[in-house]
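Let the sequences and hints guide you as you build the complete structure.
In order, the protein sequence lines correspond to chains A and B. 313 is the number that our numbering gives the last residue of the first sequence; the numbers go up by one with no jumps. 1636 is the number that our numbering gives the last residue of the second sequence; the numbers go up by one with no jumps.
Be careful, since some hints might not be right.
In silico SDA-like cross-links for lysine to any residue, where the CA-CA straight-line distance does not exceed 20 Å [stated by the list, open to error]:
1) A:K50 - B:R1522
2) A:K54 - B:L1512
3) B:K1553 - A:L286
Derived from the structure by calculation, the hints contain no laboratory data. Since the structure is predicted, the reported quantities are computational estimates derived from the model, not experimental observations.
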Amino acid sequence: MTAEIVLAVLQVLVVAAGGPLLVGALRTLKARLVGRRGPRVLQPYADLAKLLRKEAVVSTTTSWIFRATPYVLFSTMVVAALIVPLLVARPVLDFAGLVLLVYLFVLGTFFLALAGLDAGSAFGGMGSSREVAVAALAEPTIMVAVLALALRAGTTNLGGIVERFALDPLLAANPGHLLAFSALVIVMLAETGRLPVDNPATHLELTMIHEAMVLEYSGHYLALVEWAASMKLFLFMTLLVNLFLPWGMPVTAAPLAVLVGLLVFAAKLAVLTAALAVLETSVAKLRLFRVPELLAGSFALALLSVLSVFLLR
Amino acid sequence: MASLPYAAGVVAGLGGAWIGIAGMLGSTWTVRIESLVPLGGLELGMDPLAGLFLALVGVCTAGTSLYAVGTAGEPGDDPAAYLAFVGALGLVPLAANAMTFLVAWEIMSLASWMLVLNRRDDRTTQSAAWVYAVMTHVGLACLLAGMLLLWAHTGSLRFADWAAAAPALAPSVRGAAWLLLALGFAGKAGVIPLHVWLPLAHPAAPSHVSALMSGVMIKLGVYGLVRVSFEWLGPTPLAWGVVILLAGAVSAVVGILYALVDHDLKRLLAFCSIENIGIVLIGVGAAMVFRHAGLEALALLALVAALYHAVNHAMFKALLFLGAGAVVHGVGTRSMEAMGGLSARMPWTAGAFLLGSLAIAGLPPLNGFVSEWMTFQALLQNVRLADPALNLVFVVALAALALTAGLGAACFVKAFGITFLALPRSEAAGRAHEATLAMRLGMLAFALACVLLGLGPTVVVPALGRAAGAVLGAAAPGAWGDLATLRLTDGFAQLSPLAIAAALVVGVVTPLVALALAGVSRRRRRYETWGCGRMLQTARMEYTATAFADPFKRVFRFFYRPVRDLQLDVHPESRFFVRRMAYANPARSIFEEWLYRPALAGLRGAVAQAQRLQSGSASAYLTYIFLTLLLLLVLR
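Structure (structure tokens):
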């Protein structure tokens, strides 16, 4: 039991520390790809430290929800970090699997959207409204992609799925799997506010989604929100890497195996990050009302993936 | 002393809940009084399923009666009809023959109709009550016809006899009986497209009655559907299950789509009831299909998920309707566009409504999450069915459920955020007052139920498994894991609700304590909202409910078919000086326009034709009588 708790804490620390690093690496890579020098890779840590030192300004219009939201959001990401397969194939604390993960993200979005409305500015409401619209439309894709994975692995437990594919790598190498992967990549872009759905680097009121929603936050509240957002990106990338490319994941919790597994994971994550940076520099942001079409497309991909299981069995 | 009947309601509700829970745990009894009702007499019977629904009625009645103590004696209050209503609600699940059932059912409908018609001089209330009366009696006619058909073919009015005789009946008779009974029950449950009465009648009633109508009465439609589909008519054909499954999926999505664009707080909740009935029916339909395929364990899982969601929905919907009632009480309007900022003036109601919103959006660790999770798990296991066409039906239902969950979360961000957060949008909202103590206690009871049902599925699910197993006639009670963890179908999925809740609390507390210790959270200042340099913040700068729902209206415009109406009154000098602007963008109901309006037009045409027979001349009528007599003699 102690070993499990140590692993659980370790896994949360990896996600919490990895999130800002991932965002920093992504920013630097994107800058280099368009010919700028860009910020240091470690800049997000400096930003977080600076925000934690600054005074927070809280609008007089807001209620306790506005102040509670950063903590709730952060908490959902911590719990999500506990159940994602990262250090070992079986998640350290096996609560509920993929469906819980989806609902944890919705819980965070729910509170963040309420906080966006709480300050009573039009920006916040606009961001909230758009964010929940995108999240709601992404939901069917996630569940159908989960079905595609569960069908091949025979379980919705994240650990079970990863173990199944880690032990039988050839099972993961089929076209249906690739379709589900692409569907989830699109969902990730939408859920974490990346291009072409939302542009994390802009504050243009007509187009922004996530940034509009958190506009009123400052100081340590903003630090928590930004940190949670980076953890969400990290968790999504981890899921994609470990669910679809589980090769090299340790099945047992021996210290050496975990260390080697972590290095392999870092390598895989680096490849996916580079791919994401290339993708983000090569596409333009979609008009807001074209986003549903993109999500419909991702749903079609997930559906095809599921159908391929039924038709090829 | 106006509150005395409601105090009696609290006691009666608790008593009913006690008897119901005893029934769920295995006590069975029957009561038979021949002389009370014609055609078979009054006959009541207790079994686990009846116990479950009686307990549901009892708990909800206790909570809503407690709340009603706080509003008793207001204009439109009708305690006699209320008591008749809750009595009939408790009687329906116990009824063991058709006569008892129909009498209880009709008392339930009539009493609730009287409660809907509480403000008799109000035009919208009148028309709501009228639509309700018509729809509920069309449903009753279907039930009556179906039950008479079964009487004619089995020679008995007792439900137990039907179940025994059903396997020997001709398929056409069984099909016709199922169709009629299912239509009657689905109408009461508010399944699309038989839902038109629901968003009119539920908001018109006083809030504690709305809570019972949405929380319990429509669940009795589900109760009837479960009885008729699993017991009364024996083994079900595949098509019935598929029909229920798809009807559930359509109801879920359509219900929540209408709720999203409705800005009347109570009507939003009523539409949302249609959505939740849809989720319940997805479970029921899946259970029917699994049972047909011989997958007993999965049928049990799906039915338990459906029953769990029915129970959960009763709790959080009652909570939300009571919260909405407190808001309407405090503000004096049902329009969300005139609300806002209520969390400062009604902190208790706001807290209760937030909890209900989280629960209904299916968010962990509350009860809505558990039942939606179970429904998802049941649907995800459709791979055990061998027919690809059936698999596709399940995938469609899965996607519909996922979309519903997402839209539901969006809908309740709107419902809570616009109503309770930011600045008040009207003077009345700025002067709103908190609910009375009894009202708050009523809400608190339901909030507690939501939390307990969310944390304790490992206790609740085996009990529901007994009720569902009794209906399915399953040999095994089903394996549900231990007290800490719910385990489904040989490790297909598992859930540890207490651990999730604990982890969430630790996740909140750790940064809170860490930041407080570091002295970070003290560096805080209150200042006005940033607004691009304008001088003053007013409620007119806030996002409205209409604006919040606009992205959905655009994305689903093929469904809403909104009519956009923009009227500009510009200055004669320049069209850039707008003096007055009126904008309306109402969604239309395709069901009313494409289904009910043509049907009503046809009916009106037929009636106009029939009117010709009624010439008013006595000699013509005598001729009719003579011709009828002649015809009957010839036919004899």
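To see whether the hints hold, each was checked on the structure:
no.	hint	result
1	A:K50 - B:R1522	holds (16 Å)
2	A:K54 - B:L1512	holds (17 Å)
3	B:K1553 - A:L286	holds (19 Å)
No hint from the list above goes unmet by this structure.
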